[in-house]
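Number of protein chains: 4
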Amino acid sequence: MATREFSGPFLLVNFKTYLEATGKRAVELSDKIEAVGRDTGVRVGVAPQFCDIAQVASQVEIPVFAQHVDPMAPGAFTGHVLAESVKAAGAAGTIINHSERTIRLLDIEKSVEHAREVGLATVTCASTARLAAAVALSEPDIVAIEPPELIGSGRAVSKERPELITESVRRIRNVNPNVKILCGAGITTGEDVYAALKLGTQGILVASGVVKAPKPEDVIMDFCQAVRKLE
Amino acid sequence: MATREFSGPFLLVNFKTYLEATGKRAVELSDKIEAVGRDTGVRVGVAPQFCDIAQVASQVEIPVFAQHVDPMAPGAFTGHVLAESVKAAGAAGTIINHSERTIRLLDIEKSVEHAREVGLATVTCASTARLAAAVALSEPDIVAIEPPELIGSGRAVSKERPELITESVRRIRNVNPNVKILCGAGITTGEDVYAALKLGTQGILVASGVVKAPKPEDVIMDFCQAVRKLE
Amino acid sequence: MATREFSGPFLLVNFKTYLEATGKRAVELSDKIEAVGRDTGVRVGVAPQFCDIAQVASQVEIPVFAQHVDPMAPGAFTGHVLAESVKAAGAAGTIINHSERTIRLLDIEKSVEHAREVGLATVTCASTARLAAAVALSEPDIVAIEPPELIGSGRAVSKERPELITESVRRIRNVNPNVKILCGAGITTGEDVYAALKLGTQGILVASGVVKAPKPEDVIMDFCQAVRKLE
Amino acid sequence: MATREFSGPFLLVNFKTYLEATGKRAVELSDKIEAVGRDTGVRVGVAPQFCDIAQVASQVEIPVFAQHVDPMAPGAFTGHVLAESVKAAGAAGTIINHSERTIRLLDIEKSVEHAREVGLATVTCASTARLAAAVALSEPDIVAIEPPELIGSGRAVSKERPELITESVRRIRNVNPNVKILCGAGITTGEDVYAALKLGTQGILVASGVVKAPKPEDVIMDFCQAVRKLE
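Here the protein sequences come in this chain order: L, Y, Z and V. What the first sequence shows, in my numbering, is residues 1 to 231, in sequence order. What the second sequence shows, in my numbering, is residues 1001 to 1231, in sequence order. What the third sequence shows, in my numbering, is residues 2001 to 2231, in sequence order. What the fourth sequence shows, in my numbering, is residues 3001 to 3231, in sequence order.
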């Protein structure tokens, strides 16, 4: 996934370890998300669980992300997630340092570098404006700002904490002019998405707002239409 | 995989994060191992990386194990390995607490219980005789004894540390009369396998001895013939 | 502290990282606890924070415990807690694997062994009956059973979950006939202590019930009188 | 310790968990280091183990640092190291994220903030130039650059990897013009110290080079004279 090459907004759906998006349901949900992306012309991606990456990636053409990779190179490491393995399964990229899977600062840098070497795009997460700048220094493809207290809350970061986003954008741009910036946490409506883009981000990272919705395709359609409205 | 139902020896090959057993090569290696198992009538299994489980499980009929599962139930946990996901991908079981992925005592118990609930067999590892008994108390299907200092050494635990195995078997049997016992570390020849079985184990857990061999199928054949010799 | 030598009940007060028991207040609280122990003839001990061990141990004669030790031997380990350091500061023992500081199974065994080598008594904690037996296999001086959900709840484990205690005692005795057994969580009255001893334990591990009480000396007196009633 | 107020070079000696600097020997070594600092007029500090902080701080007037603090506020946290406790014991500051005690990025920020609130100066460590800039964003009082592969090697970072230091200084200054910069790893002679200062740092962080020396006072004298030479 040549993330640096496309310039439009990006909506990434994190499947977490929700049963609603495990196994066959991961494939079905990915199909729906891809269909809406195709219909609206908005760039969308999915981040299923490790065991589902291969199956999902073989079924859809939108970029598939791992939710995490371990920082090590191939070798005698049982039970770890190798960037090479994620890549071989068909992933285009990986999330790093999600607030539900935070890692040591040193490992953020190692993971970004190792992912880049094997050809995976990186979405590195941070929970505060200052940390967003710190992770931007590692030069991932994308920085995602997510205040943990709003994750899964239904209260959108773009409306509840707009100053966090503008402050993050400002601090990130101080140290890295090119990285793509997503925001997330509590996003459930197209209005939330619209607000996020207006604040200077290039897209959103969403999970329960889509995955746990009665009709995920309707939510993602609402999101994509909000993106269109802006263009 | 109804591990409690089969009584013969069991050879489990851990693919770790070796490039030689990643992606397509995981499937190819699994095919070879299955073929030898079929030809010799010896029960064999494989433990590929998470991303390879689905593909491997769809190609072979021998039991496929995850190398690790996280202890949590489904929910908002990004980047974790759900037992339900491993099961949905077609795995028959999972390794727990491998010496390269040790976990807290509390999580060993939780992981074994959660794996059992979703229908995964469990191979819980320990590095000393005393720890082998401690993990046997959680009532996994299999306990595997592996002294870390011999892992990947080419010096077989069954020949270098026979007293560790007999002592482990003794201590495990004190607290759990039924659990299947494997041993591992440094196993590279059929002779090593034979020695392990003679010491009271019901099989072996092997990794580099097979995966890194120039001809893995020859090594696994040597192992299986050693098993046959005993019966 | 020759824990194996004394046979009566033991009350251990864990100061945790409560401000009420930090710095000078750790010394003052230890003084009060010692005074009640002396007056009633009941064996009591305290577990202050690392930085307070030396000062507390120089002021009181009752045994002082660390709340944790790291499993390593002396060397190039910055920011870790060496058993040798805890011992040099005057501690008689250490808590291991408290539910607020759980460690890997392997490290429980290492910590107990290393503590024994340097002459520290060990209180190893477990949250379930089965785990209590597992830690008893490492042969610490004391096993403490504490269900985390009752810690700090004010609902005493000895009254809310008596079956957990009897089941733990039974399972521990199956594998280790000599280890002293404490229980804890939610203990706030002498009646709770009395109930704990009647269920087959040899004492209690208490924290907020004493440390956060308006008059800790009254609570510990209530506990000690309950112990006396039994003898 | 008003680190922002003094402008001269600073030499900080990390005692790690070396037996040579545990208990009484921590006090003796601190005495010697203080004496040399006094005689030469060079600012020196020591970082003993947690259990030794109170005793050392009561014996010397030079600043005493903890080797680590945990990020939490006071409360029900057994076996953790509270900034408040370190402060109450007499410490002037704390090391954070040493390469032998690395922490999550999020916890670096929390630890620096919490330390500042309780009045502790902070020395935050990083192993690469980029990470040095990332930790400088948290606005600690001091950033220390230490490539782990040279720690304890006897090959001084200031001579083996001068470009790492100049690159770190450059990157740090891009994001934080005021933070004091130390470097460390392999420093054993005054010449190494001189080289470090010439490269734009304001001092060094040293451990085995002093602690494991036959005559630590001679080494620290050599270091301090090198500092004097520059002024």
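Mixed in with the good hints, there may be bad ones.
Below are the DSS-like pairs computed for lysine-lysine, each with C-alpha atoms no more than 27 Å apart in a straight line [as the list claims (entries may be wrong)]:
| hint | chain 1 | residue 1 | chain 2 | residue 2 |
| --- | --- | --- | --- | --- |
| 1 | V | LYS3032 | V | LYS3110 |
| 2 | Y | LYS1110 | L | LYS212 |
| 3 | Y | LYS1159 | Z | LYS2032 |
| 4 | Z | LYS2212 | V | LYS3110 |
Over 10 Å on every C-beta distance to chain Y, these chain Z residues come out as not near it, computed from the model [unchecked claim]:
| hint | residue |
| --- | --- |
| 5 | ASN2097 |
| 6 | VAL2118 |
| 7 | SER2127 |
| 8 | GLN2225 |
| 9 | LEU2230 |
It is worth saying that the hints were derived from the structure and are not from the lab. Quick caveat, the model's predicted, so the values are computed rather than measured. Think of the CB as a built atom: it goes at the ideal place given N, C-alpha and C, for glycine as much as any other residue.
Going down the list of hints, with the structure as the test:
1. V:LYS3032 x V:LYS3110: Violated, at about 34 Å.
2. Y:LYS1110 x L:LYS212: Status holds; Cα separation ~26 Å.
3. Y:LYS1159 x Z:LYS2032: 59 Å, violated
4. Z:LYS2212 x V:LYS3110: Roughly 26 Å between the alpha carbons, so the hint for LYS2212 (chain Z) and LYS3110 (chain V) holds.
5. ASN2097: ASN2097 (chain Z) not clear of chain Y: closest Cβ-Cβ about 7 Å, inside 10 Å.
6. VAL2118: 20 Å, holds
7. SER2127: Per Cβ check, SER2127 (chain Z) is inside 10 Å of chain Y; nearest 6 Å; violated.
8. GLN2225: Given that every Cβ of chain Y is farther than 10 Å from that of GLN2225 (chain Z), nearest at about 35 Å, it holds.
9. LEU2230: 31 Å, holds
Consistency with the previously given hints fails for numbers 1, 3, 5 and 7, ordered from lowest to highest.
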